[in-house]
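Student: If you want the building blocks of each chain, they are given just below.
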Amino acid sequence: MNLDLSRVRAVVRKELREYRRNRLIILTMALVPLIFLIAPLITVLTVTATAPSSTVKSAVGAALLFLLVIPASVPSVIAAYSVVGERDQGTLEPLLTTPIRRTELQLGKGLATIVPSVAITYSLIAIFYITIHIAATQAVISAAWQVPLVLAELLFAPLLAGWSVFIGLAISARANDVRVAQQLGTLVSLPILALPTLITFQVIHPAVLTAFAFGAGLLLIDTAAWQFAARMFNPERLILGTPTKRATTRAPSAR
Amino acid sequence: MSTACDDGGGAAIVVDGLSKRFGDRVAVDGVSFTVAYGEVFGFLGPNGAGKTTTVRMLGTLIAATAGSAVIAGVRLGAETGVEVRRRISIMPETPGLYQRLTVRENLEFFAGLYGVRDSQPRIARALEAVGLQERAGDPCQSLSKGLRQRAALARALINDPRILFLDEPTSGLDPVAAREVHVLIDRLRDRGVTIFLTTHRLEEAERLCDRVAILNTTLRTIGRPDELKRKLFQTELLVRTVAPLADPERLLGHLPGVRRWQVQDATAYLLDATDPVGVAPIVSRAIIESGADLVSIGEARHSLEDVYLELVDEDVEAGRP
Chain V
1 MNLDLSRVRA
11 VVRKELREYR
21 RNRLIILTMA
31 LVPLIFLIAP
41 LITVLTVTAT
51 APSSTVKSAV
61 GAALLFLLVI
71 PASVPSVIAA
81 YSVVGERDQG
91 TLEPLLTTPI
101 RRTELQLGKG
111 LATIVPSVAI
121 TYSLIAIFYI
131 TIHIAATQAV
141 ISAAWQVPLV
151 LAELLFAPLL
161 AGWSVFIGLA
171 ISARANDVRV
181 AQQLGTLVSL
191 PILALPTLIT
201 FQVIHPAVLT
211 AFAFGAGLLL
221 IDTAAWQFAA
231 RMFNPERLIL
241 GTPTKRATTR
251 APSAR
Chain A
1 MSTACDDGGG
11 AAIVVDGLSK
21 RFGDRVAVDG
31 VSFTVAYGEV
41 FGFLGPNGAG
51 KTTTVRMLGT
61 LIAATAGSAV
71 IAGVRLGAET
81 GVEVRRRISI
91 MPETPGLYQR
101 LTVRENLEFF
111 AGLYGVRDSQ
121 PRIARALEAV
131 GLQERAGDPC
141 QSLSKGLRQR
151 AALARALIND
161 PRILFLDEPT
171 SGLDPVAARE
181 VHVLIDRLRD
191 RGVTIFLTTH
201 RLEEAERLCD
211 RVAILNTTLR
221 TIGRPDELKR
231 KLFQTELLVR
241 TVAPLADPER
251 LLGHLPGVRR
261 WQVQDATAYL
271 LDATDPVGVA
281 PIVSRAIIES
291 GADLVSIGEA
301 RHSLEDVYLE
311 LVDEDVEAGR
321 P
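As they're listed, the protein sequences go chains V and A.
Sequential numbering of the first sequence, starting at 1, is according to the working numbering.
Sequential numbering of the second sequence, starting at 1, is according to the working numbering.
For the record, the hints were derived by calculation from the structure and aren't laboratory data.
Cβ coordinates follow ideal geometry from the N, Cα and C atoms, glycine included.
Do not rely on the hints blindly, as some may be mistaken.
[Claimed, not checked] Some chain A residues near chain V, calculated using beta-carbon distances under 7 Å: (1) 105; (2) 112; (3) 116.
Using the sequences provided together with the hints, build the complete structure.
Tutor: Right, dumping it as C-alpha cells:
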C-alpha cells in the first residue's frame with residue numbers, strides 16, 4: 001500500500017485544529033463521555049455491601065459496558081461528519097485536487113477521531129477504577145478488578161472506536177446530508193457492543209484468552225469496515241454529488 | 001513504472017478527443033486542444049457547456065469517458081492521478097477554505113498534502129504573491145469574499161504548480177475584487193506559470209488570455225482573441241454618417257466589393273466587404289458624391305463577446321445543447 005505519512009500527519013493536524021475551534025465537537029467529546037462515566041459510577045456506588053453477588057455482577061457489567069459506549073458512539077458522530085461535512089463546506093474538491101490518496105485521507109481522518117476518543121475513554125476508565133477503589137464496596141471492587149475485564153476494556157476501546165470511525169466514514173462518503181450521516185453513524189455503531197456485552201456481563205466467563213479472542217474478532221470486523229469505507233469513497237460521486245453510472249470506459253484516476 | 005511520462009510535444013496540456021458522459025447526457029464531446037507552457041489559456045462557454053467538467057477531468061477528479069490527455073508531461077490514466085496532481089494546482093469556483101482555520105493554517109495544511117519541506121518560506125511567498133501577509137493569522141471566516149478568493153489563490157500556489165487551473169476565479173466578486181484577481185493573474189503570467197482559466201466573463205478572457213477556446217459541449221473555436229474576431233468578422237466595414245442616408249440600398253447595395261449591408265443604428269451602416277481596405281475608398285467616395293456627410297469609415301471592431309455570442313447563437317439556432 002502506497003502511503004505517505006507526511007500527508008496523513010497533515011490531515012490529522014488539520015482535523016485536530018478544526019476540532020479545537022468547533023465548540024460542538026468539543027462539547028460532544030467532553031459532555032457525552034461524562035454522562036457515560038457518571039451513570040455507571042452511580043450504578044456501582046449505590047450497590048450496598050449486603051447486595052447479592054448477582055446484583056454486584058450486573059451493576060459492574062452495566063458500568064463497564066457504559067464505558068465502552070464512549071468509543072463506540074462518540075467518534076461515529078464526528079466520523080460521519082468528516083467527508084459529507086467537507087463537501088458541504090466546499091473544501092472537499094480542493095482537498096481532492098492535491099496528491100493525497102484515498103487511504104491517506106481515510107487514515108488521517110480515522111486517526112484524528114480514534115486517538116482522542118480512545119484517550120478520553122482510557123482517562124474515564126482510569127477515573128472509574130480510581131473512584132470505585134476509593135468509594136465502592138469491596139464486592140464491587142473485586143468484581144471490577146479482574147484482569148480479563150480490565151484487559152477487555154483496554155483492548156476493546158480502540159477496536160470499537162475503529163469500527164465506529166470506519167463505518168462512520170463509509171456512511172459519510174455516501175450520505176447527502178450531514179444530519180442523516182450522523183444519525184446513521186450512531187445507529188450503525190452501536191450493535192457491535194453486543195460482543196463486549198457478553199464479557200462485561202459475564203455471560204461468557206471473562207478470561208484473558210476470551211478477551212484476546214474477542215479482540216481478534218473485533219479486529220477482523222474493523223478490517224472489513226476499513227475496506228468497506230475505502231470502497232464507499234468514490235471521488236467522482238463525492239464531487240458530483242450524485243451516483244455516477246459505471247458506463248465510463250476508464251477507471252477514475254489513482255487515489 | 002506506471003507513470004506514463006510523455007513530453008506532450010513540449011506542451012503543458014495536450015488534450016485529444018476528450019469526452020464525458022453522465023448517463024445519457026453528454027457533458028463534453030470530443031474536445032481536443034493544446035496549451036503551451038507559460039500561456040494563459042482561456043476556456044469560455046455558457047453555463048453547462050462543460051468547462052468545469054473538463055477541468056475536473058484534467059485534474060483527475062473525474063474519469064473521462066473517452067479520449068486522452070497529457071498534463072505537464074504525464075499521460076492521464078488510472079495510475080497517474082497522484083503524479084498529475086503533484087504537478088498542477090486547481091482553484092475551484094468556490095474558495096473552499098477551512099473557515100475556522102486561519103489563512104496560514106489552511107496553507108500549512110495544503111503544504112503538508114503536497115509534501116512541501118520547510119513550508120514556511122513557501123507559505124510566505126504565496127501570501128506575498130496575493131498580498132495577504134497582514135491577514136495570515138485571521139480565520140478565513142472573517143475575510144471578505146475577495147480576500148477569500150486571494151487566500152484560495154495563495155493555496156493554489158503553495159506547490160509551485162507547473163499548470164494552474166483557475167475555475168471562474170472572479171465569479172461573484174465585485175469589480176474591485178475581480179480587478180485584484182486580474183492583477184494577480186498578470187503577475188503569475190509574468191512568473192511564467194501556465195494558466196488555464198475558465199470563465200464566462202468575456203472581457204476578462206480578452207484582457208488576460210493569450211488564446212481562448214470556446215466550448216459548448218464541443219469545442220466551437222480556438223485561437224487568439226484578435227484572430228477569432230478577424231476570422232468571424234474580418235470582412236466588415238463600419239460607416240458612420242452625420243445624418244441617415246436618403247436611399248442606402250441604392251448607394252451601398254451596388255458598390256463593387258460590397259456583398260451585403262445592414263443598418264446598425266440610425267447613422268451607422270455595417271458593410272460585408274470582400275476586401276475592406278480596398279473597398280473603403282470606394283465607399284467613402286460614393287457617400288461624399290451622394291452629398292452625404294461622412295463621419296468615419298473603418299473596419300468594424302468586434303469584441304470577444306461578439307465572437308462568443310455569434311457561436312453560441314449558432315448553437316442555439318442549430319438546436320445544439
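Student: Are any of the numbered hints broken by this structure? If so, which, sorted upward?
Tutor: Hint 3 alone not satisfied by this model.
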